[in-house]
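Chemist: Using the sequences provided together with the hints, build the complete structure.
Next come the chains, spelled out residue by residue.
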Amino acid sequence: MTIALATEAPPFDLPGVDGQRHSLDDYANAPALAVVWSCNHCPYVQAWEGRMIELQREYGDRGFRLVAVNSNDAENYPEDSFDAMKVRAEQEGFNFDYLYDDDQSVVQAYGAERTPEVFLFDSERRLVYHGAIDDSREESEVTERYLRDAIEAVLAGDEPPVSETPPVGCSVKRKP
Amino acid sequence: MDIEFLYWEGCPSYPEARQLLGEVLAAREIDARVEVREVKSQAEAEALDFPGSPTIRVDGRDVDPAGAAGRPALMCRIYRKPGGGVSPVPTREQLEAALS
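Same order as they appear, the protein sequences are chains B and R.
Read in numbering that gives the first Met the number 0, the first sequence has 153 at position 154, and its numbers run on one by one without any break.
Read in numbering that gives the first Met the number 0, the second sequence has 82 at position 83, and its numbers run on one by one without any break.
Take these hints with a grain of salt, some might be off.
[Said to hold, decoys possible] Quick look at which bits of chain B chain R covers, simulated, 3 or more residues with Cβ under 8 Å:
1) 143 to 156
2) 166 to 172
[Claimed, not checked] Subject to a maximum C-alpha distance of 27 Å in a straight line, what follows is the list of computed DSS-like cross-link-like pairs (lysine-lysine):
3) Lys-80/R to Lys-85/B
4) Lys-80/R to Lys-174/B
5) Lys-85/B to Lys-174/B
[Unchecked claim] What the simulated footprint calls covered on chain R by chain B, stretch by stretch (three residues with Cβ under 8 Å from a Cβ of chain B suffice, anywhere in the stretch; the number is not a length):
6) 7 to 17
7) 39 to 45
8) 71 to 78
Read the hints as simulated data drawn from the structure, not as lab findings.
Computed from a prediction, not measured in an experiment: that's the story for all the values here.
All residues carry an ideal CB built from backbone N, CA and C; glycine is no exception.
Modeler: Following this line, the structure appears as structure tokens:
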């Protein structure tokens, strides 16, 4: 089950494509933290990936951190293996941490079902926004920028104008 | 003209693709039989050479030949748009070209 608004961020400690392990505590100083379920093979993720990079670039100097997590079953979806993640992060120039949830314990804790699916936490690590990055996979057709607006609100010490939207994307590929 | 529309329930793009196909057929006044088939297992995906959802074939030819050789799998299919970028559904232009 997906965690509810105001829930404290479930902890994690996962390997990243940079060769380091990354835990929730590593982001303790970030005033806003977006944990985004992601992967390599999904066209919805690929359509939104550039906007993830842009958000990290735009808000990084204000302390915002975006962390992408891939929990997909790499045995049945080898496009999403840890080695393939490293290649994609390099090719696409990811400016955020890209973590591998091999045993799927973290996706179980958060209850994410789609890629991409956003969980935005405030400075106290309470969930303040959950759902889609914005309202269209076609960037030219976006009219509502949910995550951007939520980040702005959190950085200003306010509540996001919209706190929940339905995530749109591929299903998280659970292990049999 | 025979059209196959193969989809996997786990990817949310197929209703949009089915609607787009219907619009293109209607706009061109093409009276074609569309066989809609759900792919439910990896074994079926392999048997049908299903490189992701949705896959549309017109008289046996994939509407996106470049993507037709992808690994058979139960996943969303990636369509590359002519102007750059990707989409989980074929473009209207791809469908029109396949139906012409």
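Chemist: Under 8 Å between beta-carbons, do enough residues of the segment 143 to 156 of chain B, three at least, approach chain R for the coverage claim to hold?
Modeler: violated (count 0)
Chemist: Holds or violated: Lys-85/B with Lys-174/B, Cα cutoff 27 Å?
Modeler: Satisfied, since the Cα-Cα distance of roughly 21 Å is no more than 27 Å.
Chemist: Count the residues of the segment 166 to 172 of chain B whose CB lies closer than 8 Å to any CB of chain R, then report whether that count reaches three.
Modeler: Held - the segment 166 to 172 of chain B has 5 residues with a Cβ nearer than 8 Å to chain R, which meets the minimum of three.
Chemist: Under a C-beta cut-off of less than 8 Å, do 3 or more residues of the segment 39 to 45 of chain R approach chain B closely enough to confirm the stated coverage?
Modeler: Violated: only 1 residues of the segment 39 to 45 of chain R have a Cβ under 8 Å from chain B.
Chemist: Closer than 8 Å Cβ to Cβ for three or more residues is the test here. Does the segment 7 to 17 of chain R pass it with chain B?
Modeler: holds (count 4)
Chemist: Okay, the segment 71 to 78 of chain R and chain B, do three or more residues pass the C-beta test at under 8 Å?
Modeler: With 6 residues in contact (Cβ-Cβ under 8 Å with chain B), the coverage given for the segment 71 to 78 of chain R holds.
Chemist: Verify the proposed pairing of Lys-80/R with Lys-85/B, using a straight-line Cα cut of 27 Å.
Modeler: Given that 27 Å is the threshold and the Cα spacing comes to 25 Å, the pair holds.
Chemist: Between the alpha carbons of Lys-80/R and Lys-174/B, is the straight-line distance 27 Å or under?
Modeler: Answer violated: Lys-80/R to Lys-174/B is near 31 Å, above 27 Å.
In this structure, the earlier hints numbered 1, 4, 7 are contradicted, and the remaining ones agree with it.
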